[in-house]
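J.: Put together the whole structure using the sequences plus the hints.
Residue 70 in full-length UniProt numbering sits at position 70 of the sequence shown; the count goes up by one each step and never skips.
Bear in mind the hints are in silico, worked out from the structure with no lab data behind them. Be careful, since some hints might not be right.
To be verified - Distance windows between CB atoms, simulated:
hint	residue 1	residue 2	range
1	GLN59	TYR30	19 to 27 Å
2	GLU42	ARG190	44 to 52 Å
3	GLN192	GLY24	42 to 50 Å
4	THR196	LEU62	48 to 56 Å
5	ARG212	ALA11	48 to 56 Å
6	SER12	HIS43	14 to 22 Å
7	THR7	GLU141	35 to 43 Å
The structure presented is a predicted model; accordingly, all values stated were derived computationally and were not measured. No residue lacks a Cβ here, since even glycine has one placed at the ideal position from N, Cα and C.
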Amino acid sequence: MGRQHSTAVPASLAARPLRTFRTGQAKGAYAYPGPEIARLHEHGLLHRLADGYYAVVPQEMLGRKWLPNLESAAAGIATAIYGFDNVALMGVSAARLHGVMPRALATAIVAVPRQHRPIKLSDRTAIVRLVQRETGSLDAERIATELGPALVTTPEQTILDLAHRPTLGDNGADVPDAVAALYSRSDKKRLQRLATEQRRLASLRRAEDWSRVGHGS
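T.: As structure tokens, then:
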């Protein structure tokens, strides 16, 4: 019974935002977290996302093969570093969650308050790129992911970000169509306001060109 108890995921870890934590963040639950985390991982209760980053496997997926999608994993890792309110999925990752980027990606893009090196995932061939932004000024909303709700840039913010840096990520060829799809359902007044406030009017013009919006007619 003692061993069985030692392999239960502590409530403090299961309750972390997006069910994701770094090994060092388990010190509140374990005096020596390394061996305990390794045991939980061995028993299939934790999924290793990257070196030192783990996600708690959902109860309904215990004993089954489980791989959270890239966007969920990226949001979880960034949240473990900076906290829930300080990160937002952006660019192609936001486009993917908004349903306008159909192909699976190998690079996730997350806005964060301070620069950080890219993080290579260990459960697949993929990279999480952490892009320094003034995250508090981004227009973002909560969207459900496999690991829980995450902050994601709104369609309007995503339009401006994609048009500003269309090659940020690994799916640049699909960006114009993604922008056009987002533009068709966006709030045009909100989009204009954001472009003005963020000095992204040139990006807005590019998005309109991709969306075949006429000017002055």
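J.: Are the hints correct? Go through all of them and say.
T.: Verification of the supplied hints:
{"no.": "1", "hint": "GLN59 / TYR30: 19 to 27 Å", "in the structure": "21 Å, holds"}
{"no.": "2", "hint": "GLU42 / ARG190: 44 to 52 Å", "in the structure": "49 Å, holds"}
{"no.": "3", "hint": "GLN192 / GLY24: 42 to 50 Å", "in the structure": "44 Å, holds"}
{"no.": "4", "hint": "THR196 / LEU62: 48 to 56 Å", "in the structure": "50 Å, holds"}
{"no.": "5", "hint": "ARG212 / ALA11: 48 to 56 Å", "in the structure": "53 Å, holds"}
{"no.": "6", "hint": "SER12 / HIS43: 14 to 22 Å", "in the structure": "18 Å, holds"}
{"no.": "7", "hint": "THR7 / GLU141: 35 to 43 Å", "in the structure": "37 Å, holds"}
The structure agrees with every numbered hint stated previously.
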